[in-house]
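Trainee: Here's the letter readout for the chains.
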Amino acid sequence: MNSRKKLRHRGCLKDISEFLDVSRFVKILATVCILLSATLTANAQNQNLKLPSKTVTISEFFTAIEKQTDLLLVYSDVDLNVNSQVSFAQKEGKLKSFMDQFVKAKGIRYEFTTNKYIVLSRSSIQDNKNTSPDGKTIITGTVTDKAGEPLVGATVMQKGTKNGVITNFDGEYTIEAPIGSALIVSYVGYESKEVKATKNARIILDDDSQLLKETVVVGYAVQKKANLTGAVASVDASKQFEGRVISDVGRGLQGAVAGLTVTDPQGEVGSNPKMKIRGAIGSYEGGSSPLILLDNVEIPSLQVVNPDDIESITILKDAASASIYGSKGAFGVVLLTSKKGAKTDKVSFSYTGNFAWENLSKDYDVAGVNGLQYMLDCRAREKDSSHTGHYSYDGLYTGSYFRVSEQSLQMTKDWIEKYGSMGADDPVVYGRDWFYESGRIYGIRPYNIYDYIIRENAPSTKHNITVNGKKGNTTFNIGLGYLSQDGMFSTCTDNFKKYNASVKLETEVNKFLTIRGGMMYSTFNKKYPFLTESGSDGPWIYLYRWSPLMAMGYNEDGEIIRSAQSATMQAASQSQKTNYSSVNMGVTITPLKNWQIKADYTYYNKEYIATLPGSTLSAASYRDTPVVRRDANGNKIYVNNAGQVVSEDTEGAMVSYKLPYMANYNGADKPNLFKRNHENSYSHTLNAYTDYTLRLMDVHDFKFMVGMNLTTYDASSQYTQVTELTNFENPQFAFGTGTWTGGGSASWSSQLGYFGRLNYVYADKYLFEANLRYDGTSKFPTDMRWKWFPSFSAGWRVSEEKFMEWTKPVISSMKVRGSWGSIGDQTVSSSLYIPTMSTGFSSWIGGNGTRVFYVNTPSAISASISWQKIETLGVGVDLRLLNNELGITFDWYQRDTKNMIVPTDGVNTITYGASAPKANNGQLRTKGWELSIDYNHRFANGLGIYGQFNIADNRSVVKKFGDTKNLSDWYVGKEYGEIWGFKVDRLYQWDDFETDANGNLIYRELTAADTDDPNCIGKSSYILKPNADGSKPVYQSYFEGSSFHFGPGDVKYKDVDGDGKLSKGTKTTDDHGDLVKIGNSTPRLEYSFRLGADWKGFDLSLMFQGIGKRKIWGQGPLCIAGYKYSDGCMAAAIADNYWREDHTDAFYPAAMGMGSGNDSYNFMVNDRYILNMAYLRLKNLTFGYTMPYALTSKIGVDKARLYFTAENLLTWDKLRGLPIDPEVETGNTYFGSPQDRTGVGTPTFKTVSIGIQLNF
Amino acid sequence: MKKTIKYLLISTAFVTCGCSDLLDRESLTTMEDTNYWRSENDLRSYANHFYETFFPGYGLEWDRDWAYSYSTGFCDDFVSEGTQSYFTNKVPTSLGSKSESRGCSSEYYGPTWGFGLIRSLNIFIDRLNTVAKNNIDEEAYRHWMGVAKFLKGFQYADLVSVYGDVPYFADVVKDDDPDTMYKDRDARGAVMDSVYVLFNYALDNMRENDGALFLNKYIAAGYISRFMLNEGTWQKYHGTERGGGDAARAKKYLELAVKAGDMVINSGKWSFDSDFKSLFASFDLSSNSEVLFYRHYDASLNITHAIGSYNGGSESETGVNLAFIKAFNCNDGKPASISTIEGANDFSLANLTKTRDPRFDACFYNKPDVNSSSLIYHYKYASKEALQYFEATHNVIKPTWYSDFNENDAPLMRLGEIVLNWIEAKEELALSYGGAAVTQEDIDKSINAIRQRPLDDDAKARGVQQTVALNINAIPEDPDRDSDVPALLWEIRRERRMELFNEGSRIKDLRRWHKLNYMDYDRNPDNYLGPWIDFSKEVVMPNNDTNEYLDKLIGVLTVQKKDGTRVTYDGTNASEMVGFYVVRNATNREPFSDRNYLAPIGQQQIDDYGQRGYTLSQTYGW
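Those protein sequence lines, which keep their order, are chains Y and S. The first sequence lines up with residues 43 to 1298 when you count with the numbering used here. The second sequence lines up with residues 273 to 894 when you count with the numbering used here.
A portion of the hints provided could be inaccurate.
Straight-line alpha carbon distances no greater than 20 Å define the calculated EDC-like cross-link-like pairs of lysine to aspartate or glutamate that follow [what the hints assert, rightly or not]: (1) Y/Lys1007 - S/Asp296; (2) Y/Lys1007 - S/Glu679; (3) S/Lys446 - Y/Asp1011; (4) Y/Lys1106 - S/Asp880; (5) S/Lys370 - Y/Glu1047; (6) Y/Lys1109 - S/Asp879.
Chain S is faced by these chain Y residues, among others (derived, beta-carbon under 10 Å) [to be verified]: (7) Gln200; (8) Lys201; (9) Thr203; (10) Gly784; (11) Ser787; (12) Asp825; (13) Val897; (14) Thr899; (15) Asn950; (16) Gly955; (17) His979; (18) Phe981; (19) Ala982; (20) Lys1001; (21) Thr1108; (22) Thr1111.
Quick list of simulated restraints, FRET-style, between CB atoms [claimed, not checked]: (23) Y/Glu649 - S/Asp451: 37 to 47 Å; (24) S/Val839 - Y/Gly437: 21 to 31 Å; (25) S/Asp451 - Y/Lys316: 42 to 52 Å.
No lab work stands behind these hints, which were simulated from the structure alone. Keep in mind that this is a model prediction, so the values were computed, not measured. Just so it is clear, CB atoms sit at the ideal spot from N, CA and C, and this is done for glycine as well.
Bound conformation, chain Y alone:
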């Protein structure tokens, strides 16, 4: 049950045999393993052995043992020519008998150390344990790998002597050698190491397989990493995902590979993160998402894969490596390879489980009292018809539903002084918390919605079990996974649950034929409150919508008050459920040892079901006129300003009101329905290919491959809805009494491709690869359906050259690579090629009382349209230094989207009467670079450290795009994502303005005497003082509104071009006035680094991920001051730092209403208030402890690890305290559109968890 990992697979026998053959002088070495078939027998010595003849080669003899028993041969300090013959007395008999004859013939010894090993040696292990008579010291120690697992059968030799031993099952050795003498420790697959002999040394050998033998899964093949010529990165899934609380592979890959951008634009679990390889944009029309394949089959979503089922991930970044997958791989390929069965004959189990707690990753930091003041200031300014610049607050009120006035604001301040704060359990009391006056409700008490609807430390848990094994010629892997994540609403049971199950099976029927099969099942369900039919806003928006005066909780009578709290509490739970199942089977035929034929077929079926059950919502509603509270006798109830009931004649007594309780207030409104959406899709994929390897004259290595790939996809969907549900306890169609509606859709597509590849390696130094794919897709009309895609790459392993010999101490290996490839892009809509006519039912009701069926105008297409082509040119260098401890990989690339489909230039869309049809007239060029650095080192004391650093950058520039020069459109020379805006000089102060005798601003119509700007003459504005040099000041009147005039505290924009006018020109590249480029919304300089260490079973790793450069112009109340001030919610960072007469050095301008605008007045896109979205985030911190093997093995556990992890624990950003997550994208949410407001979607979470990993 132990040391499974150390056993080499069958192929090693040959390697070692040859090795011994050609390098006789090496006496050592360990070896070989192999165990096979047959059931375990109690006594190895009594097992039977049958040989083909009495005389066999040593190699044949060993093979027979290995094949017919489950024994492993280990030999050391013996010198065997495995091709030499050995004769036995019989063909068939007991193993012991054969062994006795064998050692006698060869003059060596053997030992059955357990049921599994036969150790061949010159002298037995036992002999070495004796104390030496010649005074040498007996030295003992342990040999382990980096993970601390003992290496069995490693050789420990005293340098320059024949004195050597091998390690036992615990990796322990005992050798007699002088202290301080040199010991050479070696083991197959590991780097040999020379150490000084000490007592009780712990010797750690580094795995050399990843250096020379490490292989990477590439398109339809496995390639030695050393021989890669394309831009390919691989990720060790176990390292990347182990012990992390991630719900899907995508989130786990964030920061793992330079050039792979993963963004999590909103935190909702169950949603797919966005993945892009090398650049944010592929073309004007199409997408740029990579092709995601699981075992060479496209999967519909990363959600369906359990990260624990993944063995390795390869990212194919350039056309040279991706073109084998045809046009779907135009923007790179993410290859996931699932875990296969074990390599040795045993069954092992592993279990990982963790428990996590989630919180908002960023503090809920919205405005309190200052925000109320801001609202009043906005209103006062709006109402300032006298244009004095001094505002009156008399009789002023504002706010939605719960108003604020100057008087009520003072009451709020008093309230806070008196009561501090109250919790969600304190009832809302009339007189104390709100009052009704002049037909308006005023709020006094500030509420924090966070306390009412957010659940802190929302728990989640994850469990995975893997059973992995091999029996005879059959290997298998079974994976089971469970993930449950509770949502962050305290008011309802929103949650996400996911179950995964997978089985993989492979059997070697005979040496020609291997067959395999597998199944995968995944189901996940998101539940959340059903608030509106469209779900357009989602509940999260209410966290950022209303002022703190919006009442929540319960009133004096125990009735709940209408709010996001009451609604989420009462709403029925809607669910979005996905079921995914796939089955695959395949065969490998090996007609010759260098010829392989493989065929794999996969079918998957995906089903999505959304159920939207209605509910009744009832609450005391502020949307209706308050009513007088009366006692049982119908007398009015009077209260004082503490909300206590008092008699009518008490001083300060006031009539008490209450919000009327509205039962079923959604009545005829929409959540009162039952609806079900159902989508089903299925796909067939067939991959068949064959490869042949050829080695000529010992230096020319060829590998040929041809194959085909066929995919079909069919999808259909439908929905049914009934209104006026009558049974809310059991929402079913049967209980709907209202109107029935339904609809559906269907689509299908298919793709067929033939491909071929040639690899040629000369002398292990010069590498060349050519790919060709002939691809057909149903997306295009017949005449442009088929396309050839060639690609080429080459590499030069410079370090293998003789003239590099001298660098060896520093440069362990060095390779330069280059590639060029072309792929057709089919991400564009097929309707660009076909004049489609959409259909539907009109809102026009015909004479028979039903809606009429209609067919729409054919879409406008251009007859000459064709494929767009993605061409990638790249060069790279792979460098390993300092004994392979330090690795550097650098890539530079240029990706051209040629023949880019863009609107036909010169079409006057207005008279043409439709959008310009698209034609291949554009070109986009993305240039970028990637750098990865990794470092590993293990100190002699066992402390291992490692670090990895990735950084990547790219820019996309429009190279061809008609003649347009509009800044808002694409134009030649435009960098994708660029933001044009004004520069801000500073905020105006009173000093900038002329005032009259009363100290009031002067407001009048501007004349030519005031300004030379024709856009301002004739407009009424506040009069500015002349510039210091006496010249006319720059007026911004053109950008004013009827109730907004630039005054003290407002933004003074820079007259960049110095023409005395503030202007946007015609917003073209030729004439952009004072607009300049002020940033770019594309993430730039994406970087990540991982630091880790382990020591004596403890391991620590930190993964940081960040964006160096990204700016966006934010939208909505969290970034635009005064966005919709009457709603009330705004960022505290704004409310606490805006210009008032007593705070003139504020960052934000004076209060003003933006009327839901995002680009006007003080917030015309500018460089002062642009959001800097650069950030650095501690994505993951893991601290683990692996219990000593010696301890756990006693209870049959190979490995037991306890760990603590934290995701998104720390974030450094430059958002000036705004409650916006730096990873967000505006307008992106699981629940539809959050009204295009930045930062109001589902927040990202930070998670802490503890977990356990067990292998046995």
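Using the hints provided, position chain S relative to the given structure of chain Y.
Mentor: Just chain S, lined up with the frame of chain Y:
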């Protein structure tokens, strides 16, 4: 093993052969132009997509572009608080749409600049000629060609009414034909001559009946009478600078208007059997004999609108002004200034609804309502029951008239309008183009036929009376009549104002009559006033708490006495608050000029043309 390879190769070959079919996966859910136009059914389905665009009626849910009462408020009938909505006063930076939406400029009650619908209709015409013609019979071909040409004429006539000169596209514009795409605007007359041809084709070839709620030649005739009257009078009243001044064209268009009107009137298929209210507040207009064409709404199909709530008391609205009220006929067929009936000069709402033409009672609530800027709440598009229900229970309103759940049908083309188009065209022909004089018989068929509409029961119960017939020999002499408008024409125009109130025609009428100066409210102080009120007695407030409401009106609420003096509420003089209601802060709109008769086009578009070496001319005066 060799067998296995063989099988593998065979199966690969098999899959490979099957591929050509496999890749034939055209869209499952859309039609394609290249294999459409197979049958009359295809033509009908294509035509169906135009209906909701051309005939919005009351709109759809909260989408109220073009909807009566929502997009029809820009005219001299209404007065809003504060500054009156103003005319375009500068050239827009950019204007134009490539979509098939008609947009809606309420300043013109017309479409915005764009030719998406023209493209769609030109495709219809092209495919009818090139493809469908071979697949359907001659009669069907002519009908659908008639439908396509009628709609194309409809859109062009509307575009012309807003912009004057517009580029006319006889055929589908091609994306590689810049000379056509960037051609300058064609002269108004030339465009309308083409429209004239389209309309004649429609009248000659469309079916008399193509099923309820689908276009036929009578419906087309109704619209043609509207468009041709509009263009004929434009030619008469406007000079050449705005594309008018062509007598021959004026005559030709007016004659077509009369011809189209004759076609409907003489068919005998429609008559005035319904009361006025029923035309607008019925849930089913299918049996209404006055209505040629309407939009049907049905909540069970989720096809509803929101106009009922804007007219049903639950939403506030802009009210009509005193000038409009004074222009309304008393039931003796004369405006208040010369009417001899009792109460002719009593402008309290309770009296007005009793003494004016019955259409007043059908259009205006009989009590002052603070939901209206002038306290006169117009509810033409809601039932009487809607307001009574609202009044009785206040905040709770019958769901039918609440929110966007309204489902009363919208009349689109009715005999009432057609006879008024017809009689006006006839009179204009008689006045200026040698047409036969209008006879008493003509007036009886039109104005008098309208006045003899039955009264609804509620109106009858409250003593509302039909207006007496107009006698050609005793045309009322209105002292307020413009001197350039003959008396009969003046009365025809008055009848039109009453009949088509809030249906969007008023602003178009002012434009074609060259009477945009009516929009200058300072010319008549009555424009800023509401009805005669006794505030503390009459005005019912939400919450039933008038006193509390009044408190907030200190210094704001003003009434105007008969002698023109004004009294403002100071908190103590509630009893003096009797007089014409002065609409709060109402002031005149910004100045405008004759250039506002036609809309300017976008500067961006003009620049675009210029950059490519073409010319796009700006509208005259802009």
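Trainee: Sort out which numbered hints this structure fails and list those numbers smallest first.
Mentor: Checked against the structure, the hints that fail are numbers 1, 2, 3, 5, 7, 8, 9, 10, 12, 17, 18, 19, 20, 22 and 23, while the rest are satisfied.
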